[in-house]
Amino acid sequence: MTAQPDPARFHLLLTSADRPVVQGWWGSEVTARRKLINWVGEYGGMPDARITLTDETTGETLAAWPGPVVGGRSYS
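Start counting the sequence shown at -18; every next residue gets the next number (the numbering used here).
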């Protein structure tokens, strides 16, 4: 029997001025990374915008924008 993916495993969070603005959860890392790219285009012009992608199972930050390469990917 194959385990079902956790629908809330990958958490994407947009903050502005250190306050949460938009967030979402996906079961697929590929989908969450695609959303991150979309969010950079849609929300990247907000003052002090920061977008982070976190694996809720491991607690690891997989990607961040703007910022240094995290998890092997840079979205700057």
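Hints are computed from structural coordinates only; laboratory data are not their basis.
Hints may contain errors.
[Stated by the list, open to error] Each pair of labels, with its calculated beta carbon distance range:
id, residue 1, residue 2, range
1, D(-13), G26, 15 to 23 Å
2, D29, G8, 25 to 33 Å
3, R0, T42, 31 to 39 Å
4, G40, S9, 27 to 35 Å
5, G40, D(-1), 28 to 36 Å
6, D(-13), D29, 17 to 25 Å
7, R0, E37, 27 to 35 Å
8, P28, D(-13), 15 to 23 Å
9, E41, N19, 30 to 38 Å
10, R15, E41, 14 to 22 Å
By construction, the Cβ of each residue, glycine as well, lies at the ideal position given by its N, Cα and C atoms.
Outcome of the hint check:
1. One distance hint, 15 to 23 Å for the beta-carbon pair D(-13) and G26, is violated here, with the actual separation near 32 Å.
2. For D29 and G8, the Cβ-Cβ distance of about 30 Å falls inside the hinted range of 25 to 33 Å, so the restraint holds.
3. The hint said 31 to 39 Å for the Cβ distance between R0 and T42, and at roughly 18 Å that hint is violated.
4. The hinted range of 27 to 35 Å is not satisfied by G40 and S9, whose Cβ atoms lie roughly 18 Å apart.
5. Here the CB-CB span from G40 to D(-1) is close to 20 Å, at odds with the stated 28 to 36 Å.
6. Taking 17 to 25 Å as the suggested C-beta distance range, the pair D(-13) and D29 does not conform, at roughly 30 Å.
7. Take R0 and E37: their Cβ atoms lie about 20 Å apart, and the range 27 to 35 Å is violated.
8. Against the hinted window of 15 to 23 Å, the Cβ-Cβ separation of P28 and D(-13) comes to about 33 Å, which falls outside the hint.
9. Here the CB-CB span from E41 to N19 is close to 22 Å, at odds with the stated 30 to 38 Å.
10. Our hint of 14 to 22 Å for R15 and E41 holds, since their Cβ atoms are close to 19 Å apart.
Checked against the numbered hints above, the structure violates hints 1, 3, 4, 5, 6, 7, 8 and 9; every other hint is satisfied.
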